[in-house]
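*Asks:* These protein sequences, in sequence, are chains B and X. Each number in the working numbering corresponds to the 1-based position in the first sequence with 9 added. Each number in the working numbering corresponds to the 1-based position in the second sequence with 5 added.
There could be a bad hint or two in this list.
[What the hints assert, rightly or not] One side only, chain X facing chain B, incomplete, derived with CB under 8 Å:
{"hint": "1", "residue": "15"}
{"hint": "2", "residue": "59"}
{"hint": "3", "residue": "60"}
{"hint": "4", "residue": "61"}
{"hint": "5", "residue": "68"}
{"hint": "6", "residue": "69"}
{"hint": "7", "residue": "92"}
{"hint": "8", "residue": "93"}
{"hint": "9", "residue": "94"}
{"hint": "10", "residue": "95"}
[To be verified] In silico BS3-like pairs for lysine-lysine, Cα to Cα no more than 25 Å straight-line:
{"hint": "11", "chain 1": "X", "residue 1": "9", "chain 2": "B", "residue 2": "241"}
{"hint": "12", "chain 1": "X", "residue 1": "78", "chain 2": "B", "residue 2": "239"}
{"hint": "13", "chain 1": "B", "residue 1": "241", "chain 2": "X", "residue 2": "81"}
{"hint": "14", "chain 1": "X", "residue 1": "9", "chain 2": "B", "residue 2": "234"}
{"hint": "15", "chain 1": "X", "residue 1": "9", "chain 2": "B", "residue 2": "239"}
{"hint": "16", "chain 1": "X", "residue 1": "57", "chain 2": "B", "residue 2": "239"}
{"hint": "17", "chain 1": "B", "residue 1": "191", "chain 2": "X", "residue 2": "49"}
{"hint": "18", "chain 1": "X", "residue 1": "78", "chain 2": "B", "residue 2": "242"}
{"hint": "19", "chain 1": "B", "residue 1": "242", "chain 2": "X", "residue 2": "57"}
{"hint": "20", "chain 1": "B", "residue 1": "241", "chain 2": "X", "residue 2": "57"}
{"hint": "21", "chain 1": "B", "residue 1": "37", "chain 2": "B", "residue 2": "219"}
{"hint": "22", "chain 1": "B", "residue 1": "109", "chain 2": "B", "residue 2": "212"}
{"hint": "23", "chain 1": "X", "residue 1": "81", "chain 2": "B", "residue 2": "239"}
{"hint": "24", "chain 1": "B", "residue 1": "241", "chain 2": "X", "residue 2": "78"}
Note that these hints are calculated values from the structure, not bench results. Just so it is clear, CB atoms sit at the ideal spot from N, CA and C, and this is done for glycine as well.
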Amino acid sequence: MLTTDERKRYDRQIMIRGLGEDGQEKLKRAKVIIAGSGGLGSAASIYLVAAGVGTIRIVDHDRVELSNLNRQVLHWDNDIGRNKADSAAEKLSQLNQGVKIEAMDETINEANISRLVAGFDLIVDAMDNLPTRYLLNKAAIENNIPFVHGAVYGFEGRAMTIIPGKTACLRCVYRGLIPEEKFPVIGVTPAVIGCIQATEVIKYITGIGKLLTNRLLVYNGLNMKFREFKVKKDLNCEHCGHSTGKE
Amino acid sequence: MSIKIEIPSYLQPYTNNMEVVEVNGSTVGGCLNHLVKQFPGIEKMLFAKNGKLFGYVAIYINGEDAYPEELAKPVKDGDELDILYIIGGG
Numbered sequence: 010m011l012t013t014d015e016r017k018r019y020d021r022q023i024m025i026r027g028l029g030e031d032g033q034e035k036l037k038r039a040k041v042i043i044a045g046s047g048g049l050g051s052a053a054s055i056y057l058v059a060a061g062v063g064t065i066r067i068v069d070h071d072r073v074e075l076s077n078l079n080r081q082v083l084h085w086d087n088d089i090g091r092n093k094a095d096s097a098a099e100k101l102s103q104l105n106q107g108v109k110i111e112a113m114d115e116t117i118n119e120a121n122i123s124r125l126v127a128g129f130d131l132i133v134d135a136m137d138n139l140p141t142r143y144l145l146n147k148a149a150i151e152n153n154i155p156f157v158h159g160a161v162y163g164f165e166g167r168a169m170t171i172i173p174g175k176t177a178c179l180r181c182v183y184r185g186l187i188p189e190e191k192f193p194v195i196g197v198t199p200a201v202i203g204c205i206q207a208t209e210v211i212k213y214i215t216g217i218g219k220l221l222t223n224r225l226l227v228y229n230g231l232n233m234k235f236r237e238f239k240v241k242k243d244l245n246c247e248h249c250g251h252s253t254g255k256e
Numbered sequence: 006m007s008i009k010i011e012i013p014s015y016l017q018p019y020t021n022n023m024e025v026v027e028v029n030g031s032t033v034g035g036c037l038n039h040l041v042k043q044f045p046g047i048e049k050m051l052f053a054k055n056g057k058l059f060g061y062v063a064i065y066i067n068g069e070d071a072y073p074e075e076l077a078k079p080v081k082d083g084d085e086l087d088i089l090y091i092i093g094g095g
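If we strip away everything but chain B, and leave its shape as in the complex, we get (with noise of 0.2 Å):
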């Protein structure tokens, strides 16, 4: 049941035709575990802490530095040299105290991925690299929980929702891995795409609308142009290849 106050707290978003009520209590009810705290997970987690999602989970084992500031929002001047997620949940806890907001300080790996996402309704794919991007998509598909990509370069950025066992999973788009290195980016671009990623997440949870599945979304900043890509589940991806999902 809502409070008084919460539904005074999300009386417009009540007020959109199939969320309501029901889809607040949802959004109430859910856990949300957000990899990575740096441009795209400050934009995702600001909005769907104000959306009064019940639990946000924020991992990132980084320190803030001063050329994080361009984009990652949820860190200030003051935070240099704190521990990301902490620094996010701080901001984040003032802005919904109604939110339970969990900082974790840890590099995501194979022996703790399991642990950190056990128990969590959706996840957010809003790291900086590769390969923890793939493993957070192979521990989405083993664990069957839905995952919501996103990523950014410059002023161009793709995101992409999977459902285990029913649709396309990153592995089936993204096939290699390209060298690291320090990438461009300006912080209008993450904050659009990991806008795009909340909206994914309330939607799932509330279940309405329709998901950005077996659709790669590209967004041009330059030219302003939202483009769509077609992908098809690979029956011999390496991660989700002839998997249905848990029942």
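Following the hints, position chain X against chain B.
*Replies:* The following block gives chain X in isolation, referenced to the frame of chain B:
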């Protein structure tokens, strides 16, 4: 046959900053070879030494993923190809 290839921003330095390049070819491989003929510098960004596309390069024909055997996929006049590089920034 005229096929348009949309060049992603990170490869545009290899095509004199052209966003779209017109090529000829009856397969994806033929079209990419024509692209390389016009802009030789782009070859190292697309092809491994064994002549195969790098794993991080995906080709889309009219918005649909051409994987697997991308290079052998036929194309026809008016088709549009997109080269999508993997990006991983966050």
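*Asks:* Indicate, hint by hint, whether the structure satisfies it.
*Replies:* Hint-by-hint comparison with the structure:
no.	hint	result
1	15	holds, 7 Å
2	59	holds, 6 Å
3	60	holds, 2 Å
4	61	holds, 4 Å
5	68	holds, 5 Å
6	69	holds, 5 Å
7	92	holds, 4 Å
8	93	holds, 4 Å
9	94	holds, 4 Å
10	95	holds, 4 Å
11	X:9 <-> B:241	holds, 23 Å
12	X:78 <-> B:239	holds, 16 Å
13	B:241 <-> X:81	holds, 22 Å
14	X:9 <-> B:234	holds, 18 Å
15	X:9 <-> B:239	holds, 18 Å
16	X:57 <-> B:239	holds, 23 Å
17	B:191 <-> X:49	holds, 20 Å
18	X:78 <-> B:242	holds, 18 Å
19	B:242 <-> X:57	holds, 22 Å
20	B:241 <-> X:57	holds, 22 Å
21	B:37 <-> B:219	holds, 21 Å
22	B:109 <-> B:212	holds, 20 Å
23	X:81 <-> B:239	holds, 19 Å
24	B:241 <-> X:78	holds, 16 Å
When the structure is compared with the earlier hints, no violation turns up for any of them.
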